[in-house]
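Student: The chain contents come next:
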Amino acid sequence: MISQIKVTSSKRNQFIDITSEIEAFVKEIKEGVVTCFVPHTTAGITINEGADPSVQADMLRKLEELVPHSGEYKHAEGNADAHIKASLMGSSVQIIVKNGKLQLGTWQSIFFCEFDGPRVRKVLIRAS
Amino acid sequence: MISQIKVTSSKRNQFIDITSEIEAFVKEIKEGVVTCFVPHTTAGITINEGADPSVQADMLRKLEELVPHSGEYKHAEGNADAHIKASLMGSSVQIIVKNGKLQLGTWQSIFFCEFDGPRVRKVLIRAS
Amino acid sequence: MISQIKVTSSKRNQFIDITSEIEAFVKEIKEGVVTCFVPHTTAGITINEGADPSVQADMLRKLEELVPHSGEYKHAEGNADAHIKASLMGSSVQIIVKNGKLQLGTWQSIFFCEFDGPRVRKVLIRAS
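Protein chains in written order, with our numbering: chain D, 1 to 128; chain V, 1 to 128; chain F, 1 to 128.
Certain hints may be false.
30 Å max Cα-Cα, derived DSBU-like pairs, lysine-lysine [what the hints assert, rightly or not]:
no., chain 1, residue 1, chain 2, residue 2
1, F, Lys-30, V, Lys-30
2, V, Lys-11, D, Lys-74
3, V, Lys-98, D, Lys-98
4, D, Lys-27, F, Lys-30
5, F, Lys-27, V, Lys-122
6, D, Lys-30, V, Lys-98
7, D, Lys-30, F, Lys-11
8, D, Lys-101, D, Lys-74
9, D, Lys-122, F, Lys-30
10, F, Lys-101, D, Lys-11
11, D, Lys-101, D, Lys-122
12, V, Lys-74, F, Lys-27
13, F, Lys-30, D, Lys-101
14, D, Lys-98, F, Lys-6
15, V, Lys-101, D, Lys-30
16, D, Lys-74, D, Lys-11
17, F, Lys-74, V, Lys-27
18, V, Lys-101, D, Lys-6
19, D, Lys-98, D, Lys-27
20, F, Lys-11, V, Lys-101
21, V, Lys-6, V, Lys-98
Examples of chain F residues toward chain V, derived with CB under 10 Å [what the hints assert, rightly or not]:
no., residue
22, Met-1
23, Thr-46
24, Gly-71
No wet-lab data here; the hints were simulated from the structure.
All residues carry an ideal CB built from backbone N, CA and C; glycine is no exception.
With these hints in hand, go ahead and build the complete structure from the sequences.
Tutor: And the structure:
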C-alpha cells in the first residue's frame, strides 16, 4: 500500500518532524522496511535528533554556510542552493518496522527538509 | 529480478540522467520500491531536477568547491575528492513504483554521478 | 528477520568496516535488498573504498574541515558537528543481495561512521 502525507512549510529553510505521521502508517505492519520518499527537487528528508530544536537550527545554519542562498549559480530561478541542499540530505529514508513500531533510536525523528518554502509539499510512503 | 544498466561517462565530473532506463525496468511492476545501486567508490547517485541542466552544473561546481580535486589528501591515487563526493551523494536511491510507473515528482530525474570519469560504469537495479 | 550488530568505536571520529557482519547476515538470502540502519543521531553509515585506509582518513578530515567540532553551534551538548555529519552521510544503506552475496563492487566496503565516540553502538539489519 502506498500512502501520502501533506507537509506545509512556513519558512524558506525548515525541518518539519513527520515521525508521528509515519508511525501511524506502519501501525498494522508486523515486520518490514518503510520507505519515505520526497517527490520534490528543492526539499529532502533526513533522520536526526528531535528532542532539542537547536540541532535542526545548527544543521540549517551549516547547510546555509556551505551552500549559501546567494552565490554564483547558473540556475536562473534563484533556488539553486535548495537543489544542492536537497541532494546533500537525500530524497528518501528507510526505517525498519517491527510489530507496528518504527525501529528508531531513542533520539531519532524523521524530518522533512524544506529548502525553498513556504510551500505545500508531500511525502510518499510504502512498506516492503 | 536484478537488472543492470551500463553508464558511459565522458568527463571527470558528470551527472548522467538514467531515468528512462529505470522506467523501462519497472514497467511490469504493479507496486513496489525499486533500489538503484552504484557498485563503485568514486561515483554516486542522486535524484534532482532534470529540466534545467544548470542545476546539474551548479551542483557539480559546488561539490568541487567544497571538495576540490586538488587538496591535501593522503590517498595516493589522485581521486580522494571523488570518493568523498560519492559518499556525500550516496550509493543508492529508492523510488516507489505504482502500475509500472516511477512515482517521481514532476521535475525529478535520477542521476548517475560520475566523479572520476571518463569511465564505463554500471548501476544495479532491483524491485522489492 | 531483523538482526542487530554491535559496533564499538575507539575514537571520536572513526569509520568502522562492518561488511563481514552484513555478509554473514545475508548468506541464506537467495535474492533481495538488505537495509542497514543506524539508530543513532551522531553516527551514520556509508559505502566507500575499504582497501586503502587513506580514503577513510581523507573523508574524516574533509568532514571535519566542512563541519568543525568547534564552531558557533546552538546545541549545548558539544556534539552539534556530529549530528550534521551524521545527516551528510545518512542513516541507512541498501545493498542488493544475490545467492547469499552482497552485490558490492570490488572496492566497496560498508562503513559505520562514528562522529561522537568512543561508544558502543548498534546497526539494525533487515532483508526485503
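Student: Could you run down the list of hints and mark each one as holding or not?
Tutor: Here is what the structure says about each hint:
no.	hint	result
1	Lys-30/F to Lys-30/V	holds, 22 Å
2	Lys-11/V to Lys-74/D	holds, 19 Å
3	Lys-98/V to Lys-98/D	holds, 24 Å
4	Lys-27/D to Lys-30/F	holds, 29 Å
5	Lys-27/F to Lys-122/V	holds, 24 Å
6	Lys-30/D to Lys-98/V	holds, 22 Å
7	Lys-30/D to Lys-11/F	violated, 37 Å
8	Lys-101/D to Lys-74/D	violated, 44 Å
9	Lys-122/D to Lys-30/F	violated, 35 Å
10	Lys-101/F to Lys-11/D	violated, 46 Å
11	Lys-101/D to Lys-122/D	holds, 22 Å
12	Lys-74/V to Lys-27/F	violated, 35 Å
13	Lys-30/F to Lys-101/D	holds, 27 Å
14	Lys-98/D to Lys-6/F	holds, 19 Å
15	Lys-101/V to Lys-30/D	holds, 27 Å
16	Lys-74/D to Lys-11/D	holds, 24 Å
17	Lys-74/F to Lys-27/V	violated, 48 Å
18	Lys-101/V to Lys-6/D	holds, 21 Å
19	Lys-98/D to Lys-27/D	holds, 9 Å
20	Lys-11/F to Lys-101/V	violated, 46 Å
21	Lys-6/V to Lys-98/V	holds, 25 Å
22	Met-1	violated, 15 Å
23	Thr-46	holds, 5 Å
24	Gly-71	violated, 16 Å
Of the hints listed earlier, those the structure fails to meet are numbers 7, 8, 9, 10, 12, 17, 20, 22, 24, in rising order.
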